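Use the sequences and the hints to build the structure in full.
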Amino acid sequence: MYNPQLNQHGELIHLLSTEGLPARILRQILDKAAGYVAAGEAGEKKHADLAGKSVFNLFFENSTRTRTTFEIAQKRLSADVHSLNIQASSTAKGETLLDTIHNLEAMGADMFVVRHAESGAPFLIAKHVKPGVAVVNAGDGRHAHPTQALLDMYTIRHFKGDFQNLTVAIVGDILHSRVARSQIHALTTLGCPEVRVIGPKTLLPRDVEQLGVQVFHDLNEGLKGVDVVIALRLQNERMNGALLPSANEFNQFYGLSKEKLALAKPDAIVMHPGPMNRGVEIDSAVADGAQSVILDQVTFGIAVRMAVMSILSEARL
Amino acid sequence: MNMLIQNGRVIDPASGFDSVTDLYLDQGRIVAIGAAPAGFKEEITLDAKGLTVMPGLVDLAARLGEPGGEHKNKLQSELKAAVAGGVTTLCAMPDTKPALDQPSLVQMLRQKTEALGLARVLPLGALTRSLEGTELTEFAKLREAGCVAFSQADAPLADTRVLYRAMQYAATYGIALRLRPQDVCLAAGGVAHDGQVATRLGLPAVPAVAETVAIATIVILMRDSGACVHLERISTQEGVAMIAAARADGLKLTCDVSINHVHLADTDIGYFDSNMRLSPPLRSVRDRDAIQQGLLDGTITAICSDHTPVGNDDKLLPFGEAAAGATGLEILLPLVLAWAEQKQIALPIALAKITSAPAMLLGLEAGQIKVGAPADLCIFDAHATWRVAAETLISNGKHTPFVGVELRGRVQYTLVGGHIAYTEPGAA
Chain A
380 MYNPQLNQHG ELIHLLSTEG LPARILRQIL DKAAGYVAAG EAGEKKHADL
430 AGKSVFNLFF ENSTRTRTTF EIAQKRLSAD VHSLNIQASS TAKGETLLDT
480 IHNLEAMGAD MFVVRHAESG APFLIAKHVK PGVAVVNAGD GRHAHPTQAL
530 LDMYTIRHFK GDFQNLTVAI VGDILHSRVA RSQIHALTTL GCPEVRVIGP
580 KTLLPRDVEQ LGVQVFHDLN EGLKGVDVVI ALRLQNERMN GALLPSANEF
630 NQFYGLSKEK LALAKPDAIV MHPGPMNRGV EIDSAVADGA QSVILDQVTF
680 GIAVRMAVMS ILSEARL
Chain B
36 MNMLIQNGRV IDPASGFDSV TDLYLDQGRI VAIGAAPAGF KEEITLDAKG
86 LTVMPGLVDL AARLGEPGGE HKNKLQSELK AAVAGGVTTL CAMPDTKPAL
136 DQPSLVQMLR QKTEALGLAR VLPLGALTRS LEGTELTEFA KLREAGCVAF
186 SQADAPLADT RVLYRAMQYA ATYGIALRLR PQDVCLAAGG VAHDGQVATR
236 LGLPAVPAVA ETVAIATIVI LMRDSGACVH LERISTQEGV AMIAAARADG
286 LKLTCDVSIN HVHLADTDIG YFDSNMRLSP PLRSVRDRDA IQQGLLDGTI
336 TAICSDHTPV GNDDKLLPFG EAAAGATGLE ILLPLVLAWA EQKQIALPIA
386 LAKITSAPAM LLGLEAGQIK VGAPADLCIF DAHATWRVAA ETLISNGKHT
436 PFVGVELRGR VQYTLVGGHI AYTEPGAA
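These protein sequences, in sequence, are chains A and B. Quick note: this note's numbering has the first sequence finishing at residue 696, numbered continuously throughout. Quick note: this note's numbering has the second sequence finishing at residue 463, numbered continuously throughout.
In case anyone wonders, no lab produced these hints; they're calculated from the structure. Nothing here was measured: the structure is a model prediction, and the numbers come from that model. Ideal placement from N, C-alpha and C gives every residue a C-beta, glycine not left out. Mixed in with the good hints, there may be bad ones.
What the hints assert, rightly or not - Interface residues of chain B toward chain A, partial, derived using beta-carbon atoms under 10 Å:
#1 G69
#2 D229
#3 L236
#4 F307
#5 D348
Now the structure itself:
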């Protein structure tokens, strides 16, 4: 099967998922991001990579953080940035997703950054845009959030050097998490030998071990000796009902506390894709503690998104 | 009008007959096989040399789009598609707009289909009013109007008491029910099989237990009520095993499967291909293999097209938002032929699943080639290959998982009651 993210030269033309991408492309993105980080530290924030390009941010689902970091990244690359609040406009009038896309293409769009509640929506868009128009998935349903996973990979590489000897634990609601799926694919592609997922059976998708992970239901067991702990956000609507009895019980058994973190390696780092529910999946003592790199993730996120969009703009037709 | 069909390879799946011979038709029926009856003088001779002559297909489930699609003349397009696919009898699903829940609607559908003179249409009545799952329809009156069985189609029937009452009431009149075994709550929100593919793609899932729990409920209620039930569109290995066990235990339980589920599995969804969005969802490869086995061992009675025309606006959407369903009438036969070829199944055995077996289930004379049977025939070129393409399909529905696939076997003529209802453009 052809890979819709690559062109015939093997170059990235859309970023839809971390699944199925060669390690070479993932490393290219991380290396390029490192360049922007270094330049930023040297006081050079503004770049001309996307000068003259029209980038549309289409958020069919709410987001504050991801959208803001994309906008900052686009402006640092000198793009013409257009952010549309889709829920309030076209789809409410009955326009289909592809009609919206074709209209914006007619206005000269060069790139779409898309967030959508339906898994696979960015694939549908990528299949129907004109050649040369790039699509970046900013989160689709439960499926993928590749820029988040890449900034997580950047953060891990920054603090741990490489992936070859790491054990990474992802804790919490794996079932509904596009972040977890993208992290798992990125980690396994980059050579991480052991990826663990930890959660109750109601929050783990069926056959998840076939993604190349080890399944733990006991947080204490799962955290033993790990180098990286990633806590996932537990959405409010999952906290009560048939999936979980209460946020409180979840916190007691799967929340990241100082005591539980002590089971991991002493130099383990703690990550969270945000926004955090303090006292649910992560305690404040951990979120604000010495091992937390959560704010570094946010900082690196801008450089990684700059790298993705710059690389996409360079692809040959 | 009488007709001689000469030199065709005649296959009668019911008897296993498979030989090159001649068929003699008169007054809409087969009057002789091999030698002409005394005084027979054919008015039309159809040269079937190099072609295969089989009973017209009997399709247990197709959606014709009427009532509801009159402005697009859907009844005509879908019935033309049926005869182009060699289908001479089909059961029309009741999930129309409005649903087939009143005798007048059923009568109108029958009148319109008879006037068209294409395939024979056997309406399935809606099990509940407007398919809302709460009030029973007038089974007995609807049967008088022409309904051969009653189905809830894919509409939810959440209330087990309504199901129980429906079975008791149907049993009173000896009326047959068609039930899609799917537990509404367990399937809620799901769009793909609960397995490795849905996990990878992040698609909300329908677990296999949604089917098996429903089968268990139906089997228990059947034993209690004495209802006659046929299960529609089985999709899981465990489901097939449960039906086999119930049958071995003496229960008269039959079932069918869609042709899509004979060939495909969730692994065919690829990158969210909405043509693969079907109901029930495509299951695992293991489930698909169990379905093929169930067909061979007789647990699964018939293969149907589950023909469901879906427009572009409803299909060119993200996978989970796309309407479920695929066009199927025109590709049912070649896909059954492909199955037979892939699995080295004798043609009469494979073809029985789309002719004699569903005909017997419906209590029809059709579905076989024997003296006295209606001259409902499908004459096809078993060697002709063709590529499935939206622009060449006659049906209003252009979406199928098999778009772009090259298939072998092309219908040349379809006869309904002895008259030629379809001739392939270019047929001699």
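Failing hints, ascending? Going through the list in order, the structure violates hint 1 alone and respects the others.
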